[in-house]
Amino acid sequence: MSTPHRRRALVAAALLAVGTLVAALLNVTLAGPASAHGSVVDPASRNYGCWQRWGSDFQNPAMATQDPMCWQAWQADPNAMWNWNGLFREGVAGNHQAAIPDGQLCSAGHTSSGRYNALDAVGAWKTAPVTGNFKIKLYDQASHGADYIRVYVTKQGFDALTTPLRWSDLELAGQIGNTPASQWTPESTGVSIQVPASAPGRTGRHIVYTIWQASHLDQSYYLCSDVDFGGGGPSPTTSPTTGPSPTTSPTTGPTPTSSPTGGPTPSTPPTTPNPAGGCTATYRITGQWNGGFQAEVQVTNGGSPVRGWSVSWNYQNGQQVGSAWNATVSTNGTLVTARNVAYNGTLAPGASTGFGFVGSSGATNPVPGIVSCTTVA
Numbered sequence: 001m002s003t004p005h006r007r008r009a010l011v012a013a014a015l016l017a018v019g020t021l022v023a024a025l026l027n028v029t030l031a032g033p034a035s036a037h038g039s040v041v042d043p044a045s046r047n048y049g050c051w052q053r054w055g056s057d058f059q060n061p062a063m064a065t066q067d068p069m070c071w072q073a074w075q076a077d078p079n080a081m082w083n084w085n086g087l088f089r090e091g092v093a094g095n096h097q098a099a100i101p102d103g104q105l106c107s108a109g110h111t112s113s114g115r116y117n118a119l120d121a122v123g124a125w126k127t128a129p130v131t132g133n134f135k136i137k138l139y140d141q142a143s144h145g146a147d148y149i150r151v152y153v154t155k156q157g158f159d160a161l162t163t164p165l166r167w168s169d170l171e172l173a174g175q176i177g178n179t180p181a182s183q184w185t186p187e188s189t190g191v192s193i194q195v196p197a198s199a200p201g202r203t204g205r206h207i208v209y210t211i212w213q214a215s216h217l218d219q220s221y222y223l224c225s226d227v228d229f230g231g232g233g234p235s236p237t238t239s240p241t242t243g244p245s246p247t248t249s250p251t252t253g254p255t256p257t258s259s260p261t262g263g264p265t266p267s268t269p270p271t272t273p274n275p276a277g278g279c280t281a282t283y284r285i286t287g288q289w290n291g292g293f294q295a296e297v298q299v300t301n302g303g304s305p306v307r308g309w310s311v312s313w314n315y316q317n318g319q320q321v322g323s324a325w326n327a328t329v330s331t332n333g334t335l336v337t338a339r340n341v342a343y344n345g346t347l348a349p350g351a352s353t354g355f356g357f358v359g360s361s362g363a364t365n366p367v368p369g370i371v372s373c374t375t376v377a
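Under the UniProt record's numbering, think of the first position of the sequence shown as 1, with each following residue one higher.
Keep in mind that the hints were calculated from the coordinates and are not lab data.
What follows is a list of derived Cβ distance ranges for each label pair:
1) N178 with P68: 39 to 45 Å
2) G369 with A348: 26 to 32 Å
3) P200 with T328: 40 to 46 Å
We put the beta carbon where it would ideally sit given N, CA and C, even for glycine.
When you get a sec, could you build the whole thing from the sequences and use the hints?
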């Protein structure tokens, strides 16, 4: 074969090999399972509820006291919340009790290399109020449909505050059989369905345990929701949230490369408090990491009793405030203004309060030179 013919043959063979590889890759991509799945959104599953309440503010240290079970879950693995729709096992073949040991029901038997283990933690998870006859709402982002959905409730007498969940603690409260996604309620992304459940004679705190057997393959979801039937004494309940709807969440989300609380201490000293209107404000950086920082401001009333305060400062290096806690923060260009919230505006003479926030920054992040404070008498 002449050299030109040999070259053409080699080129043709190479193109054929590339084409075969591309086709194979496309086939793998198109045949793979959908990247989005689902969860029980009402009453919210543990990790969906933690994402719903704190996903936009997950580094807020106030979570440690306001929502301690979610706090420990975020600290253990934030991806358990970013991937609230991925708590499943594959290949169980309906043998749920054999696949998942007692004490590991809420993590689906430590699925996904232990990502969801913190959901098994025993304690005062936030609860949603329900009655003896209620419905669970399951949101299916990928329109898998269901071979079946089974809803269990813990037996009366089960103590969710002190006892790990076992299979023997559960009673079947409701179920549906094979239901294709076409029979579910359309959502802007995916579909949802409500499953009626009946749990008479329950009072106080309980766990609702939902098993969703998806139809597209042998994929089983195991979802713990904490509820309160009433009549059983006080129980921390879920506060209303204004967070995004479930359809706005990606299957995976950003994981901070380092936590603000673990960042280096600032080399720049705090600002000198600047008296103005009877109060002083001290700004300090509590942690920094690549592209971001966490700061807190202490407000002290130096005069007569006040019923409100505001603090303002200017950033000179393009810093931006992200999420804040214990204050309402607004920005106008470089000017940042923080105002008290309902529960920390009233200050007696000499009393102090504080607020914090996380923000973004460039290469330099100096403490603002002047931090002014004014009060409402």
